[in-house]
Amino acid sequence: MSLRTTPFHPRTAPLSEGHAWRRWAGYVVASAYDLSHEREYHAIRNAAALFDVSPLYKYMVTGVDAGRLLDRVVTRDIAKAKIGQVLYTPWCDAEGKQIDDGTISVLDERTYRMTSADPNLRWLHLNAAALDVAIEDVSERTAALSLQGPNARAILETAAERDLRGLKYFRLTAAAIRGIPVTLSRTGYTGDLGYEIWVDAGSALPLWDALIATGAAYGITPAGILALDVARIEAGLLLIEVDYVSSRHALIESQKSSPLELGLGWTVAADKARYNGQAALHAERARGPAWQFVGLSVNWDSLEQLYADVGLPPRLPTTAWRTSVPVYAEGTRRQIGYATSGGWSPLLKQYMALAHLESPFASPGTRVAMEITVEHHRRQAAAHVSALPFFNPERKRA
Amino acid sequence: MTAALVIGASVNGLVAAHYLARRGRPVTVLEPRADSDPTLETGWVPPVLARELGLRHLEIALPDPWLTAPPLALFRDIATSAEAIRRISPADAARWPDFCARMHRLAGVLERLYLRPPPDLETRALGELFGLAALGLHVRRLGKQALIDLARILPMSIADLLDDWFESDLLKGALGALGVWHLKQGPRGGGTAFNFLHHHVGSAPGVFRPARSNLRQVLEATPGVTLRRGVGRCRILAEGGQTRGVLLEPSGETVAASLVVSSADPRATLRDVAGELDPEFLRAAGNIKARNVVARGTVRLDRPAGYAALCHAPSLDYLEKAYDAVKYGRDSDAPYVEAYRANGHLDVHIQYVAAGDPAAVQRRVAEILAVAPSQVGVDMPADGEHLYHGEFTLDQILFMRPVPGWSRYRTPVRGLYLCGPGTHPGGGIAGAAGRNAAREILKDG
Amino acid sequence: MASGHYDAIVIGGGHNGLIAAAYLARAGKRVVVLERRPRVGGAAVTEEIFPGFKFSMFSYVVSLLRPEIIRDLSLPRHGLHILPLESTVTPMENGDYLAGWGDHDETRRELYRHSPRDADAYDEYGRLMHFMAQAVKPILSMVPPDPTSFALGDLRALLGLGRHFRGLGSERLHALVKLMTMSSADFLDEWFETDVLKATKAASGIIGTFLGPRSPGTAYVLLHHYMGELDGVFRAWGFAKGGTGAVSEAIASAARELGAEIRCEASVARVLVRGGRVRGVVLDTGDELAAPVVLSSLDPRRTFLELLEPAQLPADLVADIRRFKFRGSSGKVNLALDALPSFTCMPGIGRQHRGAFSISPSLDYVERAYDDAKYGEFSRRPYMDIVFPSVIDPGMAPPGKHVMSIFVQYAPYHLNGGWNDARREAFGDAVIDTVETFAPGLKQRILHRQVLTPADIERITGLSEGNIFAGELALHQLFFLRPAPGWAKFTTPVPGYYQCGSGTHPGGGIMGASGRLGALAVLKNGGGGGREAG
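Residue numbers (this note's numbering), protein chains in the order written: chain A, 1 to 398; chain B, 1001 to 1445; chain C, 2001 to 2534.
Isolated chain A, as found in the complex (with noise of 0.2 Å):
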């Protein structure tokens, strides 16, 4: 009668040395596993983070239709996948409003794995009718681990006794490690170099010391939901129900987003048969969408000087923050869009945020104010729009 643990649970919880879990798809995870998440952060950038990401809802969608059923949902052209590609791609409501984002595998010609954020099994069903297509739920069937740096490929490597080097960005492969069925795909929620491992509930464990065992010489680092943040902020990665509100559970028109408000314009396929908002994101690409998603950097000299107004240091927000703060034009009182998550770099040294502007401010190098409370006081540091992602090494796709 409480919340629900994942397959590899037994060998996260005695890792957990601040108790610090929270609740994710009504699994709970460590949000880190140190007192602090500092090291676990600079292990995706450094070395190789470990998450479990379990949680993820997942389904199998296998048929003669079930590439049409997907092509129905969601913005890209499934039709035009590769066996063995892996597409991040949004869905969206008639009206063309974001309900959700996730990845579909393309396992063959017949059998497609999507992974989602929210539930979206009666959605697939709804979409289904006078399709020869069945959705099977398998998210607890199917436990995952997400290995995330710079070390990720080399591990991996030891690992299956295999060569990675041909396994391309968002590309997957079947593979073994010890002798467990994986599935690995060239993914994740880091913008690094880094892999996801899809395998059985029921071989989480061996699988999860297989790892823990063959990386500890190349550091691997089980993380917690605190480093991810930061570091999905820096690959300038969206979160649901935090940098955008699915169309699903928005209460008010304003609450919703389109792709291409969301910066995902590139996902919404030009040419490809009906699907769901087809018509509505057309018309919306032809006349320009009102909203755009961007980076913001907080310019230091401007937030230096706000805390030196009141004698004090800097102070940084060292975990990312998901709350809605006021960006408002240069020098005005006019609110021109909101930050939804922001947070410090400790890689680039920069204080960074995703946030939503009117289309004609947020153009790179716009400058803008964003608000910060500095001693119980509401006060407005100087920013300009950054292009996304803020990092994005070579390694990500070489």
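Just so you know, the hints here were simulated from the structure itself, not pulled from any lab data. Take these hints with a grain of salt, some might be off.
Stated by the list, open to error - Derived BS3-like pairs (lysine-lysine); straight-line CA-CA distance at most 27 Å: (1) Lys2325(C) x Lys2401(C); (2) Lys2325(C) x Lys1321(B); (3) Lys1321(B) x Lys2374(C); (4) Lys349(A) x Lys272(A); (5) Lys1144(B) x Lys2325(C); (6) Lys2443(C) x Lys1144(B); (7) Lys168(A) x Lys82(A); (8) Lys396(A) x Lys168(A); (9) Lys2374(C) x Lys1289(B); (10) Lys2325(C) x Lys2137(C).
What the hints assert, rightly or not - Coverage of chain C stretches by chain B, computed from C-beta distances (three or more under 8 Å per stretch; other residues unrestricted): (11) 2211-2218; (12) 2468-2477.
Said to hold, decoys possible - Computed Cβ-Cβ distance ranges for the label pairs, DEER-style: (13) His2130(C) x Ala1125(B): 26 to 36 Å; (14) His2130(C) x Leu1126(B): 28 to 38 Å; (15) His2130(C) x Ala1355(B): 34 to 44 Å; (16) Trp300(A) x Ala1125(B): 53 to 63 Å; (17) Ala130(A) x Thr1123(B): 24 to 34 Å; (18) Ala283(A) x Tyr2375(C): 57 to 67 Å; (19) Arg2351(C) x Ala130(A): 42 to 52 Å.
Just so it is clear, CB atoms sit at the ideal spot from N, CA and C, and this is done for glycine as well.
Position chains B and C against the provided structure of chain A, taking the given hints into account.
Relative to the frame of chain A, chains B and C by itself:
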């Protein structure tokens, strides 16, 4: 002008076809079945149809007495009926004329709603708003009592309504049966009073059974449209949000057309073009309630029946109990049965039947009609095949029919229209949906 | 005149009568509440039926007490404390159960166990119902306009109402039409496949009605629960500390503080009408109390047909009130227990006892319970809503002992052959026997039992035919039709005589809106004059 294909040589299909043809459009009616159905059409024929389409030889049959429920007989003449009722209840007889007048006035309000597309409550269009206002004024002009009656009676159960007026079980049973006609509801179900009024639309005061007519046969004989029979299943083709034509199965012939008007069940029609529809729309269409609980029977007669229309529904409780069975998926042991004299046989309506044992239903009907079981033939209800392509419940009428928000005969697919009884104003009103649909199609040009 | 002078007299000290009095007193009126019984509360009373065991004798949960009333009368300061009912567990006939918990993740997980698709649908359903509740809520606090009237105020209100509904957008407008017209079973069929889930939700739609889950017109009651959630911060829905009588006491305390006088054991025989307007009331004792304004919080039958002479009213109103349907359909069994019972589906004593047990294992089960009632019998296997108030509020029973409240449906007022002691006990036995099948061993734990039939409810509380809502909440008896067309604005044909009970709009449950709106109608008409004038 674009040529039109009309699916189904039903009354509504033919009416729509003739209205389109009259405006110079080449029209082909595709009828899946090979033979013409000889049975008469049940339901009010709006006089405007005969006038506008110039129909000849239209015969509308209404027996007198229009219903026999021994020992009671009900006549077209209100005073004669009252006389007959007096023998079982003087109190009811005294109330009969008033009841007939009140019901007729309310049915008149519905009648006005039925010969046009359903009111669009969300409209911002000026013309629509004037229409709404005119309707509002019309209703208010009927007077306070009519307005209150309407508001109070529509959501009511026919049992509550009749209990307010009458004491005789027999009379209430015979009248109450019309309230549950083709519904998976008992007389105590809310909204059955509306179903009662719906079937009273167009009737003479004091007549609570629909007339039967040869409207379909007359329409078939009226020149102006091409009628292709025996084409088999018609599958509608659509692509890119636009209707492309009809594929005939099993022949495989494709008839291209950018305008297709379907008088078939909306659910079947929309299923053909599911790939073109939004999931929420499909969900709404999938939610159309069309639970068939009526078996059709035929009784071969050795000698002519002593009645033209016989009703066996001796009380409201009888009807309610008959309904109880079907709630749990069983056929009623004591069904409501109504028999109509036709040429040398009886057409029989048997309600409530789920899908059980035809032999048992046959036996029950034989007992009730006092004939030998061997004389009775029974067609069990096919699941989901509702005579009206959707039950007449308050959530499935007016702007909610067939799919909420899509009540104006259009579909999300350009060039595909609906015109069958699944659309407003629905079954039991012969041809009104077809006429309304054709007028909307012509508006779209 | 035997008594002092009042600006207004309120007949009936139920929650609506008390609220009306409090609002009048708040506006500076001298007002007296006359209650027939020795205590205030009407159907919202807590009584120590057996020594040491206290029961919310009739109404047992607070349903939608209007937040503006809680605020205006400072009820928390007067002792109102509404505690959450945390869960609903429905035992199934196969020994399994369906549980709804306070935590969203946990509820989702439980639903998922029954149907993964329903788990998804549940959230979307909840969201739609949230919107619907939002759409309907303003109506609860408004005086129903008369659509047959050409008066400017009515037309304006009607137009406003039209605009309100059109403002919802088509999807929600259609959903609202469906909710208002469909049966709860059909409505739920559009969303869910798990029968026990539909049964449990549908059961909440039949409470107090003479309808089954498959009867059209039951769907909109599904909204009530979600309206409670909108008022979440006020916790307008839940279990009152000290029982529902404590709600009445809090209101009475507020009313007294505001200057109202409350007299118990003061039974009104009739309303005094002279010279074409109300002059006061006559008590059973023959004493007369004078006031220019009289409000009746009794049900419409008593308000119009018993407290007045039919000759004092227009004939069509008399006919309308005679036609107004009461048909009480529910009963109550109150048990004093030695110890809590364990339910087979979820053995042991635990947090499940802090919530409700709903005996609604399937739609067919509830529908069959209705079938019995349709033909004049009490349900052999009834739908029941069971709570253990002493678990939530230990003060309700001696330490270690418990009280169990069983709301039962259906028990028709018009029982074949009529109610008598033997039939009452047979009814009680049917209830206990049915619970026993889900919680074996209950019988041995029973120390005392009280069985209340609709006839008992009528006798004790005065509610006609024992209808707990003072008149059926059916579509044709709502809004401008409640209690009768033309008389839904809390006034009556007798100048100075007002209605303020649950038999008026919006009616039903411990909501209090009728009492408040009734008082506001008096004040709007300048009724009774101020204290200065007196």
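Cross-check of the supplied hints:
A threshold of 27 Å between alpha carbons decides the hint, and for Lys2325(C) with Lys2401(C) the separation of about 40 Å lies outside it, so the pair is violated. Our distance criterion of 27 Å between C-alpha atoms is met by Lys2325(C) and Lys1321(B), whose separation comes to about 22 Å. A distance of roughly 10 Å separates the Cα atoms of Lys1321(B) and Lys2374(C); the hinted pair therefore holds under the 27 Å criterion. For a cut-off of 27 Å, the pair hint linking Lys349(A) to Lys272(A) is broken: about 42 Å separates their Cα positions.
At most 27 Å may separate the alpha-carbon atoms for a hinted pair to count; Lys1144(B) and Lys2325(C) meet this at roughly 22 Å. For the hint pairing Lys2443(C) with Lys1144(B), the CA-to-CA distance comes to about 57 Å; that exceeds 27 Å, so the pair is violated. Restraint check for Lys168(A) and Lys82(A): satisfied, since their Cα atoms lie roughly 13 Å apart, inside the 27 Å limit. For the hint pairing Lys396(A) with Lys168(A), the CA-to-CA distance comes to about 10 Å; that is within 27 Å, so the pair holds.
For the hint linking Lys2374(C) to Lys1289(B), the alpha-carbon distance of about 25 Å falls within 27 Å, and the restraint holds. Restraint check: the Cα-Cα separation between Lys2325(C) and Lys2137(C) comes to about 25 Å, which is no more than 27 Å; the hinted pair holds. A stretch counts as covered by a chain when three or more of its residues have a beta carbon under 8 Å from one of that chain; for the stretch 2211-2218 of chain C and chain B the count is 5, and the coverage holds. With 3 residues having a Cβ less than 8 Å from any Cβ of chain B, the stretch 2468-2477 of chain C passes the three-residue criterion, so the hint holds.
His2130(C) and Ala1125(B) have their C-beta atoms about 31 Å apart, which keeps the hinted 26 to 36 Å range intact. Between His2130(C) and Leu1126(B) the CB atoms are about 34 Å apart, so this pair conforms to the stated range of 28 to 38 Å. Distance hint check for His2130(C) and Ala1355(B): the Cβ-Cβ separation is about 39 Å, which falls inside the suggested range of 34 to 44 Å. In this structure the hint that Trp300(A) and Ala1125(B) lie 53 to 63 Å apart at CB holds, the actual value being about 58 Å.
Remark: the range hint 24 to 34 Å for Ala130(A) to Thr1123(B) is upheld by a beta-carbon distance near 32 Å. For Ala283(A) paired with Tyr2375(C), a C-beta distance near 59 Å keeps the hint of 57 to 67 Å intact. At roughly 45 Å, the beta-carbon separation of Arg2351(C) and Ala130(A) lies within the given 42 to 52 Å, and the hint holds.
Going down the numbered hints, you'll see the structure goes against 1, 4, 6, while the others check out.
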